[in-house]
Amino acid sequence: MSAAAARAVLEVSDAVVEFDTDGGRITAVDGVSLQLSTGETLGLVGESGCGKSTLARAILQLVPMQQGSVRLEDTDLGSLSPRELRRMRHRIQMVFQDPRGSLDPRMSVTALIGEPLRVHGIGDRASRAREVAEAMELVGLPALVADRLPSELSGGQQQRVGIARAIVTDPAVLVCDEPVSALDVSIQAQIINVLDELRDTLNLAMLFIAHDLSVVRHLSDRVAVMYLGQFVETGTASEVFTEPRHPYTQGLITSVPRADTESAARLQTARRLVLGELPSLLDPPSGCRYRTRCPYATDRCADVEPPPDLLDGHHAVRCHHHRAITAGEHQPSSKSMRG
Amino acid sequence: MSLPLLEVDDLHVTFNTASGPVHAVDGVSFTMESGDSLGVVGESGSGKSVTARALLRLFAITDDVRIAGSVRFDGVDLLRIDERKLRDVRGGQIGMIFQDPLTSLNPLMAVGEQIAESLRLHRGMGRSEAAAEAVELLGRVGIADPERRATELPNSFSGGMRQRVMISLAIACRPRLLIADEPTTALDVTVQAEILLLLDELRRSEQMALMLITHDFGVVAATCEDVQVMYAGRLVEKASMVHLFDRANHPYTEGLLRLVPRFEDAHTGRLHPIAGQPPITGGGGSSCAFAPRCSHAFDRCRSEVPPEVAVGPQHLSACWLAAERAKDATEAGRPWKRDP
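Protein sequences appear in the order of chains A and B. Here the first sequence stands for residues 0 to 338, where the numbers follow numbering that gives the first Met the number 0. Here the second sequence stands for residues 0 to 339, where the numbers follow numbering that gives the first Met the number 0.
Hints in this document: simulated from the structure, not taken from any laboratory. Note that beta-carbon positions come from the ideal geometry of N, C-alpha and C, so glycine has one too.
DEER-style ranges, computed between Cβ atoms: (1) Thr-61(B) - Asp-282(A): 42 to 48 Å; (2) Arg-86(B) - Ser-47(A): 31 to 37 Å; (3) Arg-173(B) - Glu-151(A): 46 to 52 Å; (4) Val-303(A) - Arg-86(B): 57 to 63 Å; (5) Arg-173(B) - Ala-110(A): 55 to 61 Å.
A few chain A positions that, by computed beta-carbon distances, are all more than 12 Å from chain B: (6) Val-69; (7) Ser-78; (8) Leu-79; (9) Ala-125; (10) Ala-128; (11) Asp-282; (12) Pro-283; (13) His-329.
Build the full structure now, drawing on both the sequences and the hints.
Following this line, the structure appears as structure tokens:
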């Protein structure tokens, strides 16, 4: 994979999304930039409330951005009129978490998959039927379910319909927001394989959001770790997952329970890397957003927001101390050594 | 030999549904001692949750359900005591936590009050003693500023904190057995890690037995010494966790271990889903229920239920090929692992 050489189909620059909540105004996405090339999957990980789903919605222009831009195939989506935007929508599609909730219960499988084509006025009746049949085949839906309603499908088939709807318009970018987290484990594997195959056969650029790090690692070429609205670490999947630099990334990775004999010991380590609870977005920490939970935090972390520090390749880390930590020259403070 | 804490013998649970009987649990037997930790693993519909619910007859009034067999807890058959006595056991000797704590907590009652109510009911404490103990319990499960938080309603807690409240409620009456049904499935990994460590610490400090129901072998590995795998209402494999990772025997267990991407693996090609789906009518047939999905199945699998065969120390596998597979596993090492 060579992200630099391939053409970026999606380019997000300095995206900022703010919301008014009961408690006041929050910045859900705080200056995020990313590029995505054809045939490439970017995995987006972070805890609930870190802003990953909001970022996805902002990219799809479903929530307004206060700052920044989203360029899809060299078109600035923010500059388009609603009508022009509708015409661009078929090039960027989304797969949702809850397949049942996102499908009209009264429509048949073929009507559901054909709907995006009709809405976007793509093709005529005959060509649409062909496209629908092709999409069904690509996602592994047998022809015999064509006339069934969503309630007559299994959970896995429902999600296949959701994916078929997303790819039938021939998008350049597919945004998947927790596409397997509502599914049973055996069905998860099937859907992950479907997405994996589609990315290859259709040369899709995929933004894959999930809280399951194993799934993200399996599917992604590059990974961005998000914390309180910011990317704290980005890089190739192997850079981020095998040589994590940011203490938060290290904590997240160590927290994944693995099926081996070191599992319990690893969780003890994780507890020393991620302290306490997620702060409120209403009152985000000054300086480094992670410092209130970081065992390595110093006064500097409270005073100065760390800029992204670019290591070799694509690996970037927003931490003042990551080089010293890696070199073994910066130890955790004593408050982290509890229990 | 003293009696085991929990002795489940030939448990059957059958639901009568509009489309016919569903044998959700089909002849399950196992025992647990104080301080034991047992993971129960399987897909949705394998009968793992129904087994746990059957121990305490926790079914909806609308369920047309028949339970057979015996569930001896401390020598008393819970299936044969009256509802009033069973209520003392639920939330008393046996505590429970579920995936979604909100459905188990009263949304209109301060959390401290809910814990205190349980303490008054099960441990006969007075009002002020119970209130003080509730605060103490909230502190024990890692809730900061427990005095203040005891006065708050469940919806003012985050998901992880709510699960801690649920755990403090479940351990309030010093249960000898804690049943946790997918307790961390809805939580972020960092919060999950904290909850799993908490359950492990409580089990060790209280000599409490822990039964943890999950689909995630990683979760079992972090908290349980023993594991049993269920399929279509039957136990298909039982082993120590360490032994299972080394020598998974049953083809279904092997399938479960192979079907999820393991974190430590980079992309190693496509995943291996288990073809087909579990039978919707549960078990109850006269064949191996897994045979239709099993690539190793032969004639006998389709005509006779395989018995549990010992394939190692404390290791049972209900497969006609168990002995043969055990031999292969010894020779081949860990066949289900993608990288040696």
